[in-house]
Amino acid sequence: MHNCNDTDEQITECADCHEESNALNETLRITTRLIDAAAPPDSYWPGYHARLREKLTQTRGSHVVTKASANEPSWITRFFRASVPVPVPVGLALILVFALSLLFVSRAPEQTAPQLQVVHVPVEVPVVQEKIVTRVVYRERQTASRRSKQTITPSRNESTLARTHNPVSLIGFKPTDEIKLTVIKGGSPNEK
Amino acid sequence: MTDSETDLIRRAQADDTDAFCLLAESYARRIYLLAFHYCHNAQDAEDLSQEAWLKAYQALGSFRSDSSFYTWLRRITINAFINHQRSNSFRRQGQTTVVELIDVDFEIAIESRSASPETLYNKVLFESVMNALAELTPSQRLMFLLRHYEGMSYEEIANAMNCSTGTVKKSVSRAIVKLRARLNADRDTADESLTRLAAEC
Chain D
199 MHNCNDTDEQ
209 ITECADCHEE
219 SNALNETLRI
229 TTRLIDAAAP
239 PDSYWPGYHA
249 RLREKLTQTR
259 GSHVVTKASA
269 NEPSWITRFF
279 RASVPVPVPV
289 GLALILVFAL
299 SLLFVSRAPE
309 QTAPQLQVVH
319 VPVEVPVVQE
329 KIVTRVVYRE
339 RQTASRRSKQ
349 TITPSRNEST
359 LARTHNPVSL
369 IGFKPTDEIK
379 LTVIKGGSPN
389 EK
Chain G
796 MTDSETDLIR
806 RAQADDTDAF
816 CLLAESYARR
826 IYLLAFHYCH
836 NAQDAEDLSQ
846 EAWLKAYQAL
856 GSFRSDSSFY
866 TWLRRITINA
876 FINHQRSNSF
886 RRQGQTTVVE
896 LIDVDFEIAI
906 ESRSASPETL
916 YNKVLFESVM
926 NALAELTPSQ
936 RLMFLLRHYE
946 GMSYEEIANA
956 MNCSTGTVKK
966 SVSRAIVKLR
976 ARLNADRDTA
986 DESLTRLAAE
996 C
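Chains as they are written, first to last, in the working numbering: chain D, 199 to 390; chain G, 796 to 996.
No lab work stands behind these hints: they were computed from the structure. Just to be clear, a hint being listed does not mean it is correct.
So the derived label-pair ranges between C-beta atoms look like this [unchecked claim]: (1) D:G245 - G:G946: 26 to 36 Å; (2) D:A248 - G:G946: 47 to 57 Å; (3) G:R806 - D:S241: 22 to 32 Å; (4) G:G856 - D:G289: 29 to 39 Å; (5) D:F277 - G:K964: 56 to 66 Å.
To give a feel for the contact side, a few chain D residues facing chain G, derived at Cβ under 8 Å [unchecked claim]: (6) T229; (7) A236; (8) Y246; (9) T257; (10) K372.
Being a predicted model, the structure only gives us computed values, none of them experimental. Idealized CB from N, CA, C, for every residue including glycine.
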């Protein structure tokens with residue numbers, strides 16, 4: 199089979215395509231002509247239509263039944279339309295019972311709804327109160343403690359001085375004639 | 796749509812079975828042929844075509860004259876075919892019945908020697924076409940028939956069969972190629988048969 203794009207132009211120009219196209223058209227022509235030839239003979243059709251009519255009649259019967267059932271009222275309508283045959287004495291007795299029950303209900307003492315009474319009850323609520331406590335605290339001063347510390351450990355201080363300062367020699371020392379005295383005020387509060 | 800057809804439709808819509816049967820007589824042959832080529836069996840074709848008619852009868856109330864009656868009927872028929880294929884397989888698959896019938900006819904024709912060579916050639920060709928169609932799948936056959944026998948467009952077929960236009964084109968093309976290959980192969984056999992028949996005459 200020739201493989202070519204089956205555009206009209208190519209079909210007319212290409213000899214192979216033209217031949218292929220003609221072959222396909224011929225195939226189609228023959229096939230469609232012979233499809234009709236598969237139809238049964240004329241003698242077949244009366245029986246066919248008789249069978250079809252029979253089926254239609256059956257379908258119509260079921261169709262009518264379906265339609266009839268479709269026309270039936272719904273169960274709610276049937277419920278409200280329903281009637282039950284009741285003997286007269288029974289009916290009268292039922293009416294009497296109904297009337298008596300209505301009378302009884304109307305004469306029954308009315309139960310009033312309980313009224314609401316407002317009662318004031320004082321309630322003590324514990325409240326947490328804050329209390330401020332002032333306290334005077336005396337404490338020793340730092341300097342006093344330091345001095346006491348120094349007096350407690352003099353040997354230690356001396357050794358420390360000896361370590362930090364060089365040993366002073368008195369070579370070239372001349373004592374002055376005047377005495378210069380410098381008084382340093384301050385110190386501990388008890389000192390006067 | 797003719798006036799008589801419109802009248803028949805109106806009467807059929809009013810549950811007139813006779814009117815519907817008259818309508819059926821007008822189109823029964825076409826519907827039967829579609830069914831026959833679709834299922835490739837005479838008994839199945841009758842059942843299938845009548846099923847389509849029954850469905851048409853039940854759905855006749857929905858026909859609104861927007862399209863022709865046959866277009867509407869064909870749509871129902873195609874749906875019936877597709878549903879039938881889904882629900883159960885056909886009674887006798889393939890070309891067995893058809894080929895046997897044709898073979899018998901051919902033998903009778905040869906024996907009687909009353910048939911003309913052209914008629915015999917047509918019968919052989921018919922057998923070839925039936926065999927070639929039988930090699931296609933039911934969907935391919937239906938698409939081919941709708942396109943080249945019913946003259947529907949690819950879009951119409953795709954719409955009726957719920958598939959894409961491309962699928963329809965591909966199926967129809969494959970069907971034609973298969974038919975052509977089969978007919979070419981069988982044509983030589985037919986020529987030989989005719990030559991034999993001519994020699995015997």
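Status of the hints after comparison with the structure:
| no. | hint | in the structure |
| --- | --- | --- |
| 1 | D:G245 - G:G946: 26 to 36 Å | 30 Å, holds |
| 2 | D:A248 - G:G946: 47 to 57 Å | 31 Å, violated |
| 3 | G:R806 - D:S241: 22 to 32 Å | 28 Å, holds |
| 4 | G:G856 - D:G289: 29 to 39 Å | 48 Å, violated |
| 5 | D:F277 - G:K964: 56 to 66 Å | 60 Å, holds |
| 6 | T229 | 5 Å, holds |
| 7 | A236 | 6 Å, holds |
| 8 | Y246 | 6 Å, holds |
| 9 | T257 | 6 Å, holds |
| 10 | K372 | 131 Å, violated |
In summary, the structure is inconsistent with hints 2, 4, 10 from the numbered list given earlier, while agreeing with the others.
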